[in-house]
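Number of protein chains: 2
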Amino acid sequence: MNTPRVLIIGAGFGGLYAAREFRDTLTSVTVIDRSNHHTFQPLLYQVATATLAPSDIAAPIRWLLRKQRNTEVLMASVERVDPERRVAVLDDGTELPYDYLILAAGARHSYFGHPEWEAVAPGLKSIDDALEIRRRFLTAFEEAERATNEADRTANLTFVIIGGGPTGVELAGMLPTIARHTLRGDFRRIDTATARIILLEGGPRLLPTFPEDLAEHAERDLRELGVEVRTKTLVTSVEPDAVCIGDERIVARTVLWAAGNAASPLGRLLGPKVPVDRGGRVLVNADLSVPDHPEIFVVGDLAVMTTNGKSVPGVAQGAIQSGRAAARNVLRTIRGEGRPDFRYRNKGDMATIGRYKAIGDFGHGVHVAGYPAWWFWLFLHILYLAGFRNRLSVLVEWGYAFFTYGLGARLITRQQR
Amino acid sequence: MNTPRVLIIGAGFGGLYAAREFRDTLTSVTVIDRSNHHTFQPLLYQVATATLAPSDIAAPIRWLLRKQRNTEVLMASVERVDPERRVAVLDDGTELPYDYLILAAGARHSYFGHPEWEAVAPGLKSIDDALEIRRRFLTAFEEAERATNEADRTANLTFVIIGGGPTGVELAGMLPTIARHTLRGDFRRIDTATARIILLEGGPRLLPTFPEDLAEHAERDLRELGVEVRTKTLVTSVEPDAVCIGDERIVARTVLWAAGNAASPLGRLLGPKVPVDRGGRVLVNADLSVPDHPEIFVVGDLAVMTTNGKSVPGVAQGAIQSGRAAARNVLRTIRGEGRPDFRYRNKGDMATIGRYKAIGDFGHGVHVAGYPAWWFWLFLHILYLAGFRNRLSVLVEWGYAFFTYGLGARLITRQQR
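These protein sequences, in sequence, are chains A and B.
To convert, note that position 180 of the first sequence is 180 in my numbering; the numbers rise steadily by one, no gaps.
To convert, note that position 97 of the second sequence is 97 in my numbering; the numbers rise steadily by one, no gaps.
Only chain A is shown next, with the shape it has when bound in the complex (with noise of 0.2 angstroms):
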């Protein structure tokens, strides 16, 4: 019998996770992502704030699988899946056979339907997003410091946060601190402390996907912080410059996008039998896998999954427990065993309003809130970060902001030529 070949796309939480458990099994492993390296995506924001260096986040793919001697990683783009004759075929036309194929390839940013939204209002998924937002957050201070006119000095002290989810929540919770302590003894023409920070969700209220009680505590703490938080608030306009609000123009030089996620394309393109829903996502069985083809498993951000009627929400520990889950009822099928269904088991969310703050919801009604749950997200990070060399790095790092109010990476880059 052939070795059976299994081909990951996307090392995300979901693909990432995946793959690990295929560690000293007799498969073959492909793993496929646009990028050498897996980021630690919940921390990302921290990178767009310059506090963390992007190297703390994320480590090389390759070097994270590098024990699992079955298993080999090639940084590529798959153009498309064909599930009939079951390959997969990278930007280059070379063609992937797989016997299994678990697609993880995750979301990115949706403009609902204003794709020239991007280029001024930047979201932020990647190390690349994050180096980018870094760049101009960083450069609106630099820029008021030389403007030679109160307009042009208070465009680049507005900065819009579109959407108010964790990560639009978590942007808006560093800014104030930055601008009120960091910054300030460092420029000479401009009061950083005048920033205005402005969070703007469309929907009722912050964190839809949190209990209210923990998502007015957010709100009380951002507003306290100094943040204009503005709910039903919809955005009808991004333009150069300004964010409009039905006749209301905002003046910003800096926004930035957490609104609205858009599943990868290769979703859709797994054919007319795979259903997906309005973002791209697909509908998947219980077993993860997909209408007609038991060979292909989705996974994480891509798929639409239920446990006990709900739907898994799309964090972190939805990804890796479903990576997780459809590696193993891939590894059942190869030993001729039955697949379960997944059932996600909900450990908890958590989200940082800047310093100090955060808020957590572990389910069956337990809440947390402030300073106590600030320190339990801390302690929980750097756990989750292990695996990455990097925890002493960030450890250094987080102790130095924490003292010293300080930023570990404040620098302007834009490298590409």
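Derived by calculation from the structure, the hints in this document are not laboratory data.
Mixed in with the good hints, there may be bad ones.
Said to hold, decoys possible - Looking from chain B toward chain A, a few residues come up when the C-beta cut is under 8 angstroms (computed): (1) Asp128; (2) Leu131; (3) Ala193; (4) Arg339.
From the three backbone atoms N, C-alpha and C, an ideal C-beta is built for every residue, glycine too.
With chain A held as given, fit chain B onto it using these hints.
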């Protein structure tokens, strides 16, 4: 009397150390740089080779000068200086008047009349350059792993470094260990140890600014590491995917440029009375000012300076010492005192060759090489990184790299949209 306005253009070693001399003086100082950060250039090759993170060796200029209340920092490009009207003109047309000007704008690469080579063979002067070189050399191994034919694989595993000065030698010295140790276990289809590293130098020997015995030592060390060193080898053309030496064609996907410097164009723009050499460097007076303009000083890589008839080398110490000397001459002039001639004190010059090996020339015939020199280099650089808060972080990275052969920042980024 009005407070004298001092303008410093460039915040490399020359500009930064000049600025620091004005601390607690009755002057009004403006420091202008295109970038928001000062870069510790001697360690740039370690960012290019993924050993250190950019934030380990770079820090915001305004943060480094935050305690000098008489000093402001602007991130801007200077288009030209008008010595008659005593103003510097920024890219947006803003004019900055000065009473004293210290020009420390440094150098970029020179491609000897072939600007088209730059896209193929990037040089190493800035953090962005280092990130681009890092992207290319890491991508080459990724592409080799994906290669579907032997020619493509070989092209990706051939690295050519043009220029045998310190930058070329230091870059070339890092690659063999990375190829033979760090990366080897992470790839499945290629043997990274087969990578060819070729160092080309047009002159008769490597490291022309070092004494001959040390240069020979370095060449021997490089050959032992497996670097193909070729001196008296003039590159006749650089093409995408190949370097030509007369009729010989070396097929290589990664070509790095460490061969030539061209001074900032600002030197030539000082007017017809200010003499420049072929490379655009300004021939300064003994007190570092320029002819006819005692209020303009040029320091660092942009200046041709001599001490006792010997030219001052283009190293960090040359820039630091001339920057300080120019600042002191400004202060003496303000106080109505005379200006002593600039005298360069040779504190020695070092270069590393991979792990464990280095050479050092400390004048008066004091030459060191090999293992002890490497330890001394390490000690010196940790010492000089003071002022940066990154010292601890660099120690952690180096400790990690040394004991595990690992790389701390093995990320492929491209950032700019």
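Practice task
Against chain A, run the beta carbon of Asp128 of chain B and see if the smallest gap drops under 8 angstroms.
Solution key: holds, 5 angstroms
Handout entry: chain A contact restraint for Leu131 of chain B - C-beta distance below 8 angstroms
Key = holds, 5 angstroms
Handout entry: Status of the Arg339 of chain B interface restraint (C-beta, 8 angstroms, chain A)
Key = violated, 29 angstroms
Problem - When the least beta-carbon distance from Ala193 of chain B to chain A is tested against 8 angstroms, hint result - result: violated, 15 angstroms
Hint compliance for this structure: hints 3 and 4 are not met, and every other hint is.
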